[in-house]
Amino acid sequence: MRIVIVDDTGLRATVLEDGLRDAGFDDIHIVPPRGGFVARIERLAPDVVLMDLGSPSRDTLEEMLVVSRALARPIAMFVDQSDDIMIGAAIDAGVSAYVVDGLRKERVKPILDLAIRRFNAFARLQSELDEAKSAIAERRTIDRAKAILMKSRNLSEPDAYALLRSTAMNQGRRIAEVAEALITASDLLGGAA
Amino acid sequence: MTRISAAFLPLTDSAVLIAAREKGFAAEQDIALDLIRSESWATLRDRLVYGQVQAAHMLAPLAIAVTLGLSQHPAALSAPFKLSVNGNVFVMGTAFAAALDPDIARRIGDPIATAHDFAGAIGLYRRKPVIGIVHRFSCHALLLRYWLGYAGIDPDRDLVLRVLPPSLMGAALEAGEIDGFIAGEPWSTVAVQAGLAEIVMVGARVWQRGVEKVLAMRTGWMEDNAEVVDRLLLALDRAAAWCDDPAHHGELAELLSRPDYVGRPPEAILPTLTGRLVARPGDASVEVPATILFHREAVGFPWRSHALWIYSQLVRWGMAEPSPEAERQAADVFRSDIYRRALAGTGAPMPGASLKVEGALSEPMGVGSHSAGLVLGPDRFFDGRVFDPADIDGYLAAFRR
Numbered sequence: 001m002r003i004v005i006v007d008d009t010g011l012r013a014t015v016l017e018d019g020l021r022d023a024g025f026d027d028i029h030i031v032p033p034r035g036g037f038v039a040r041i042e043r044l045a046p047d048v049v050l051m052d053l054g055s056p057s058r059d060t061l062e063e064m065l066v067v068s069r070a071l072a073r074p075i076a077m078f079v080d081q082s083d084d085i086m087i088g089a090a091i092d093a094g095v096s097a098y099v100v101d102g103l104r105k106e107r108v109k110p111i112l113d114l115a116i117r118r119f120n121a122f123a124r125l126q127s128e129l130d131e132a133k134s135a136i137a138e139r140r141t142i143d144r145a146k147a148i149l150m151k152s153r154n155l156s157e158p159d160a161y162a163l164l165r166s167t168a169m170n171q172g173r174r175i176a177e178v179a180e181a182l183i184t185a186s187d188l189l190g191g192a193a
Numbered sequence: 001m002t003r004i005s006a007a008f009l010p011l012t013d014s015a016v017l018i019a020a021r022e023k024g025f026a027a028e029q030d031i032a033l034d035l036i037r038s039e040s041w042a043t044l045r046d047r048l049v050y051g052q053v054q055a056a057h058m059l060a061p062l063a064i065a066v067t068l069g070l071s072q073h074p075a076a077l078s079a080p081f082k083l084s085v086n087g088n089v090f091v092m093g094t095a096f097a098a099a100l101d102p103d104i105a106r107r108i109g110d111p112i113a114t115a116h117d118f119a120g121a122i123g124l125y126r127r128k129p130v131i132g133i134v135h136r137f138s139c140h141a142l143l144l145r146y147w148l149g150y151a152g153i154d155p156d157r158d159l160v161l162r163v164l165p166p167s168l169m170g171a172a173l174e175a176g177e178i179d180g181f182i183a184g185e186p187w188s189t190v191a192v193q194a195g196l197a198e199i200v201m202v203g204a205r206v207w208q209r210g211v212e213k214v215l216a217m218r219t220g221w222m223e224d225n226a227e228v229v230d231r232l233l234l235a236l237d238r239a240a241a242w243c244d245d246p247a248h249h250g251e252l253a254e255l256l257s258r259p260d261y262v263g264r265p266p267e268a269i270l271p272t273l274t275g276r277l278v279a280r281p282g283d284a285s286v287e288v289p290a291t292i293l294f295h296r297e298a299v300g301f302p303w304r305s306h307a308l309w310i311y312s313q314l315v316r317w318g319m320a321e322p323s324p325e326a327e328r329q330a331a332d333v334f335r336s337d338i339y340r341r342a343l344a345g346t347g348a349p350m351p352g353a354s355l356k357v358e359g360a361l362s363e364p365m366g367v368g369s370h371s372a373g374l375v376l377g378p379d380r381f382f383d384g385r386v387f388d389p390a391d392i393d394g395y396l397a398a399f400r401r
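Note that the protein sequences, when read in sequence, are chains A and B.
The numbering of the first sequence is the UniProt record's numbering, which starts it at 1 and goes up by one.
The numbering of the second sequence is the UniProt record's numbering, which starts it at 1 and goes up by one.
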């Protein structure tokens with residue numbers, strides 16, 4: 001069974017491809033939705049196309065499904081339209097799937113299940129990564145604010161941090177927000193830090 | 001509060017939904033309106049058809065196509081409210097546009113001459129022009145076909161039509177993948193402002209009152225939730241009035257420009273709202289009446305004749321099989337009865353009929369209406385043809401002569 005993954009974030013496609021290979025599928029092609037990607041898919045003549053629901057290129061792909069002569073058989077979004085739970089799960093996960101008409105449901109269901117799980121796992125990974133990134137950014141901001149305080153108020157590092165923390169508590173704000181405000185003010189006043 | 005989710009695409013004509021949420025019109029009707037931005041019509045359609053949202057800002061022909069089973073999973077959809085009239089702008093790259101009338105006001109103002117010029121320019125161009133359209137079932141594509149068809153151009157034979165999302169049109173033009181495109185605003189203006197393209201045709205000049213986006217719902221959901229639907233339509237009607245008021249255009253452009261909505265600067269959004277389009281980089285603006293309308297002239301009213309005109313064009317271009325059944329299904333997508341029910345007693349001007357002959361008014365005209373003061377604007381097609389919904393066969397036969 002030939003599976004094409006249309007995806008512009010290379011990482012998610014790789015995560016999905018790995019999962020499919022582990023499950024025993026080995027005819028997998030990743031096609032980024034750029035330039036003449038539709039012609040590439042036509043040449044590949046896949047049985048299943050998996051695509052990010054959030055990709056703006058879905059309309060381009062669907063147009064190909066309508067006009068293409070290379071894909072003689074029509075393709076439908078979901079194998080069994082009555083399977084509402086799976087459709088809901090797929091949309092929540094952001095997966096869209098196009099399947100050659102006539103392919104048996106039990107052959108496609110594991111692929112879709114796997115795509116849903118991998119898409120969800122990728123989304124979790126992404127949000128953890130974003131959190132980690134913002135935590136690092138906050139740490140940097142606080143360090144800069146501490147440096148400003150140490151220099152301008154002649155404080156030790158623990159005292160500078162204690163001052164930031166007590167100010168944040170008094171104002172009911174987060175330490176990072178107070179640090180941010182301090183940096184902005186210092187920049188406006190022409191302070192160097 | 002009733003929670004309603006509505007899907008939209010980042011376009012100027014999503015304004016009414018956005019204003020309904022942001023200016024409190026939905027909340028006034030005790031509705032918590034969640035707006036779900038979608039990046040493709042396919043995803044917006046799937047979200048609606050599979051019940052992830054209750055309503056969607058949809059291309060009117062797409063709502064009909066889904067109902068007729070022409071676009072993936074068939075589902076009965078209804079449009080009880082129109083979100084906009086007009087608003088489409090056709091642009092071509094500067095190389096192609098050089099073969100057209102250099103006087104921009106004349107080029108836009110005389111679509112007959114420009115259609116002929118365009119036909120000539122196709123022959124002179126180095127290849128079959130590749131034109132970006134946003135969807136086969138879009139008013140833009142139907143309007144473009146209608147306009148060029150007048151000059152003997154068969155869009156399926158003489159052009160390469162490529163479907164691309166509006167937000168990627170500019171980049172495709174720059175990369176030479178397409179030679180021009182027709183899309184909802186602000187995307188054409190964005191391409192002009194980037195120096196990539198010139199305006200060649202404005203939708204409002206081809207059909208003075210052309211149907212555009214509708215509020216689409218699953219028919220079953222709409223019928224099971226009549227009371228909620230009525231409140232939603234009231235909210236949208238008020239929001240549409242707010243959007244239409246020139247005093248609010250600046251604020252509306254700011255609102256739409258937010259990254260979670262259209263995500264383009266207000267300078268790209270404002271020209272369509274004010275009807276003063278800059279057609280060529282650096283040029284003075286050209287005034288185009290009724291570039292986009294949201295409320296006046298009962299814009300929200302879903303005329304069944306609008307749905308039938310779309311059906312006639314789908315048949316004309318071989319996208320739908322004609323049958324009395326399909327014709328009835330298409331007309332039934334536009335639910336003027338629901339609009340009437342929801343806005344009865346609000347004093348909103350209400351057309352007496354649900355069908356009209358399209359393209360017959362060259363001057364504004366007061367019409368028979370349940371409440372006073374409904375004036376319909378001029379609705380002529382640029383070629384002077386008149387669409388009589390009672391004689392679709394005759395209308396279509398005339399195109400073949």
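Hint data in this document are derived by calculation from the structure and do not stem from the laboratory.
Some hints here could point you the wrong way.
Said to hold, decoys possible - Listed below are several chain B residues computed to face chain A (Cβ distance under 7 Å; list not exhaustive):
(1) Ser40
(2) Thr43
(3) Tyr50
(4) Gln52
(5) His135
(6) Tyr150
(7) Gly152
(8) Val160
(9) Val163
(10) Ser167
(11) Ala226
(12) Asp230
Nothing here was measured: the structure is a model prediction, and the numbers come from that model.
Beta carbons: idealized from backbone N, C-alpha and C, even for Gly.
Against the structure, the hints come out as follows:
Among the interface hints, the one on Ser40/B holds; its C-beta lies about 4 Å from the nearest C-beta in chain A, closer than the 7 Å criterion. With 7 Å as the threshold, the beta carbon of Thr43/B comes within range of chain A, its nearest partner Cβ sitting at about 5 Å, so the hint holds. Restraint check, Tyr50/B versus chain A: the minimum CB separation of about 5 Å is within 7 Å; hint holds. For Gln52/B, the interface hint holds, since its Cβ comes within 7 Å of a Cβ in chain A; the closest pair sits about 5 Å apart.
For His135/B, the interface hint holds, the least distance from its beta-carbon to any beta-carbon of chain A being 6 Å, beneath 7 Å. Evaluation of the Tyr150/B hint against chain A yields a violated restraint, the C-beta minimum of about 24 Å exceeding 7 Å. At its closest, the beta carbon of Gly152/B sits 23 Å from a beta carbon of chain A; the interface hint therefore is violated under the 7 Å criterion. Violation of the interface hint for Val160/B is found here, the shortest Cβ-Cβ separation to chain A being roughly 11 Å, above the 7 Å cut-off.
Hint status for Val163/B: holds, given a least beta-carbon distance of 4 Å to chain A, under 7 Å. Because the smallest distance between the Cβ of Ser167/B and any Cβ of chain A comes to about 6 Å, under 7 Å, the interface hint for this residue holds. Below 7 Å, beta-carbon pairs count as interface contacts, and Ala226/B has none with chain A, the closest being about 24 Å; its hint is therefore violated. A distance limit of 7 Å between C-beta atoms decides the matter here; for Asp230/B the minimum to chain A is near 28 Å, and the interface restraint is violated.
The structure fails hints 6, 7, 8, 11 and 12 (numbered hints given earlier, in ascending order).
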